[in-house]
Amino acid sequence: MGKELLKKALGWAGKKGSPQDRPPQPEEKRPLSTNWDENQKNLREVFSQCADAVFQETSFNAEQPLRILLVYLETLTDQAQISQTIIKSLQQGPLELPDEVRISPATSPEVLQKHVLSACHPQTSTDLLELTKFVLGGNIGILIEGSSLAVVVPAQGGQARPINEPENEPNIRGPRDGFVESLKTNISLIRRRLRTSRLKVETLELGLLTKTAVAVCYVEGLARPEMVEEVRRRLRRINVDAVLGSGYVEEFIADESISLFPLILTTERPDRVTAALLEGRIGILVENSPSTMVVPCTFISLLQASEDYYVTAPFSTFIRLLRFVALNIALLLPAVTVAVFSFHQELVPVTLLSTVSNTRQDVPFPIFIEVLLMEVTFELLREAGLRLPKTIGQAVSTVGGLVIGQAAVEAGYFSPLPVIVVALTAIASFTAPNYIVGTSIRILRFFLLILAALLGGVGIMLGLMAILAHLTALRSFGIPYLSPFAPMSPADLKDSFVRVPWWAMITRPRLEGVREPQRQDPDQGPKKPERSGIRKGRRRP
Amino acid sequence: MSQEKISGSQVSTVLFILVMATGVLFVPGITARRAFQSAWLVPLAIPLLTGLISLWAVYRLGQRFPAKTVIEYSPLLLGKVLGKGLGLLYILFFLMTNILVIREFSVFLTVTLLPETPGYVLNISVVLLAAYIVSKGIEVIARMAQFVLPLFLASLSMLLLLSVPEMAPRRLLPLLEGGFLPVVKASLVPSAWYGEIVVLLLLLPHLNKPRELPRKGVLALAWITVFLTLDILATLLVFGPYLSGQLTFPFWTLARFIEFHKSFSRWETLIVILWEAGMILKVALLYYAACLGSLQWLGKAPFGWVLGVLGGVQILAACYLVGGQIQLAAILEHVFPLFALPFEIGLPLFLVGIARLRNLGRV
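Just so you know, the protein sequences line up as chains C and P, in that order.
If you're matching positions, the first sequence starts at 1 in UniProt numbering and goes up one per residue.
If you're matching positions, the second sequence starts at 1 in UniProt numbering and goes up one per residue.
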């Protein structure tokens with residue numbers, strides 16, 4: 001019933017939003033005619049009021065010069081390539097052609113394709129709408145007098161961001177490159193790491209207006225075919241007018257309509273995506289979006305950073321455990337503080353309790369209100385710092401941290417305890433390697449805080465059990481979210497809270513990489529030399 | 001709901017938590033009242049046997065009617081009217097047991113942690129949470145059990161270990177004073193607890209490998225016996241038989257006695273909160289059994305409605321039918337075993353007998 005209401009509220013069930021009302025997608029064809037002027041007129045009509053569309057008339061230097069028209073969008077093409085390569089070759093014309101080639105209106109497209117512009121890998125098109133599509137994709141359309149065949153030359157260009165280290169996922173020892181907005185560059189970053197033909201990249205187009213390219217990457221033989229098919233199916237099902245980022249796609253293909261936890265892993269690191277592909281997972285790249293999706297996603301993978309695989313195994317294990325502790329602090333500390341100081345004072349050592357109650361003597365609010373107000377204040381500061389320009393952001397942190405925190409305590413409105421609690425919580429929440437899981441924790445923190453205020457520790461446990469039920473019920477592309485813990489698969493614990501050394505990572509995760517379970521040969525670990533000639537004073541054999 | 005599968009080790013975990021979640025609190029006091037210093041011998045004999053017989057009966061029935069629950073095969077065995085009646089009785093049994101468990105939950109928390117919170121708040125919150133868990137299905141219950149088990153065991157073991165300094169072996173003497181009779185008399189209540197594994201009558205079709213059931217079931221029963229015995233033993237060793245018998249929650253009182261360094265002298269709050277997780281799961285499991293049974297009994301009924309109606313019934317009954325701590329303890333000691341044991345051991349054996357006589361189902 002709740003779902004129905006929600007649907008009504010969002011207008012899905014009403015007449016307005018029914019699928020029939022969507023305008024049918026034009027599938028008609030408009031073949032090009034042999035009349036050059038008519039083709040030209042039609043094209044100009046298609047691109048009317050498009051200031052960046054360029055119509056450049058020139059001629060093909062045949063025995064009897066043919067008029068030709070170059071159509072392209074200057075915003076999407078490489079100007080230098082056009083002027084230096086294409087126009088030059090066209091005007092040089094037949095000079096370098098073999099003798100048997102004759103140029104007439106009928107053969108000219110073929111001549112262009114095979115001889116004059118062969119270095120640019122041109123294609124041909126017979127349809128006006130198809131030609132339009134090509135031009136919108138950053139190609140140059142060439143209309144030749146007297147021919148109903150247009151030649152299309154790829155000349156993609158335009159400004160692109162250089163490859164940088166991703167700001168959200170910095171790294172100390174691993175590679176520094178991060179995904180950018182260009183899909184081609186992103187695929188190349190993966191391909192450079194996986195030089196095998198088994199890395200498959202399938203592309204499709206999403207968005208009626210945006211025509212965003214989406215690529216599905218997987219390693220053949222590692223990814224389960226049915227899972228790849230499921231990804232394809234869910235992607236094809238999407239029918240929207242615009243896709244402006246991977247977040248749009250993510251909400252369409254996730255398993256649950258609404259979940260507090262991310263069901264798809266997003267990362268900007270190509271090494272992370274490659275590692276996931278090697279475990280049998282599937283990468284989904286979206287044009288114009290540096291954040292790349294990886295499915296299936298498990299909860300534990302949100303607590304792992306790619307850095308963990310480049311530092312030594314014991315340290316990595318330590319860091320992972322630390323992160324888990326931090327996660328618990330970020331989730332529970334405010335709630336536990338409220339529960340302990342308003343319900344279970346007996347848990348606090350006596351000296352600490354007397355210190356705290358001394359500081360709280362003149363404070364007007366109960367501890368729940370104090371912690372809640374402080375938490376809200378912190379969330380405000382955090383959001384303000386995030387959205388403001390960086391220089392002002394620092395001022396916000398000064399005002400927030402020092403002025404509000406200290407002044408409120410000194411004036412006696414708040415006791416120092418909630419300030420300390422909120423600061424600790426904040427620091428702990430910054431350790432989350434995945435920003436999205438941090439947001440889930442932030443919401444749940446308030447949920448638990450309220451439960452703690454109502455029922456103390458009992459309330460916290462009720463809340464935790466609800467969260468646990470939610471988490472255990474989640475699945476990401478069919479894989480239980482809490483695997484390898486529940487359902488338990490002991491062999492996969494080697495890469496969970498602990499990370500074993502690389503020579504011990506013999507098998508792939510059971511659920512994802514089931515088709516080729518062995519990753520590497522066993523027993524490759526470093527061994528002490530059996531006979532150490534130096535130590536025992538013997539000569540080497 | 002029916003495609004969900006749980007593994008053998010998950011079944012063991014679920015059964016362990018099912019019996020121990022409340023058994024650990026109520027059984028020591030009740031057994032000590034009847035069997036005095038021999039109370040720790042009680043779980044080793046008749047209750048364990050009850051559990052094993054019950055397990056055997058359920059397993060035999062499961063062999064004859066694979067992929068069917070008691071609600072589905074009892075009409076085949078007893079005819080439509082009687083069979084449906086039996087099914088209804090089983091649903092009511094799970095419902096009543098769960099109402100008692102909900103009340104155990106709220107009474108225990110009121111006594112220990114939240115003296116000023118009205119019982120109905122706790123009843124309502126645990127039923128709502130259990131409803132949420134049930135709506136997620138048996139797989140979720142089983143996986144949650146896997147998470148809760150380590151916490152539960154950790155708190156139990158910690159408690160047992162830290163109470164060692166307070167123990168005095170002379171409190172167990174004289175052993176078997178008054179012969180075996182007190183031990184037998186005291187077996188009734190723990191037997192009813194062991195018999196709760198009869199919930200398998202409804203869970204059996206969800207097992208991914210039903211053949212594993214005897215092994216995993218016995219494993220669960222063995223661990224239950226180990227921990228229940230240790231639990232009673234620790235209570236007796238610290239408090240002696242008479243004090244143990246007078247306390248409602250002797251094991252909790254034990255938790256209040258222990259301390260670890262001067263700064264942390266009050267462990268019982270933490271331990272109670274960890275036990276709470278187990279009790280929530282127990283409520284969810286019995287709720288699930290009642291819900292699944294009702295769905296199958298009614299044929300086609302919307303899941304949400306069944307869940308809601310049963311939830312409402314349980315909340316109301318827990319608030320109005322069962323009184324306070326004293327009444328609950330009396331019900332658990334005197335009424336519950338007589339009410340539960342027929343369902344837990346009598347009827348399953350009866351059904352096995354009928355199936356064998358009429359030669360029904362797969363042999």
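Everything labelled a hint here was simulated from the structure, so no lab data went into it.
Hints may be right or wrong, so weigh each one.
[What the hints assert, rightly or not] Derived BS3-like pairs (lysine-lysine); straight-line CA-CA distance at most 30 Å:
1) C/K184 to P/K68
2) P/K209 to C/K494
3) P/K185 to P/K84
4) C/K114 to C/K41
5) C/K200 to C/K494
6) P/K68 to C/K494
7) C/K88 to C/K133
8) C/K41 to C/K211
9) P/K68 to P/K209
Comparing the hints with the structure gives:
1. This hinted pair does not check out: C/K184 and P/K68 have alpha carbons roughly 55 Å apart, beyond 30 Å.
2. For the proposed pair P/K209 and C/K494, the alpha carbon gap of about 27 Å is at most 30 Å, so the pair holds.
3. About 34 Å separates the Cα atoms of P/K185 and P/K84, which puts this hinted pair outside 30 Å; it is violated.
4. For the suggested pair C/K114 and C/K41, the alpha carbons sit about 27 Å apart, so the restraint of at most 30 Å is met.
5. Distance restraint check for C/K200 and C/K494: the Cα-Cα separation of roughly 28 Å lies within the 30 Å cut-off, and the hinted pair is therefore satisfied.
6. With a C-alpha separation of about 39 Å, the suggested pairing of P/K68 with C/K494 is violated against the 30 Å cut-off.
7. The straight-line distance between the Cα atoms of C/K88 and C/K133 is roughly 25 Å, inside the 30 Å bound, and the hint therefore holds.
8. This hinted pair checks out: C/K41 and C/K211 have alpha carbons roughly 25 Å apart, not beyond 30 Å.
9. Among the hinted pairs, P/K68 with P/K209 is consistent with the structure: their alpha-carbon atoms are about 14 Å apart, no more than 30 Å.
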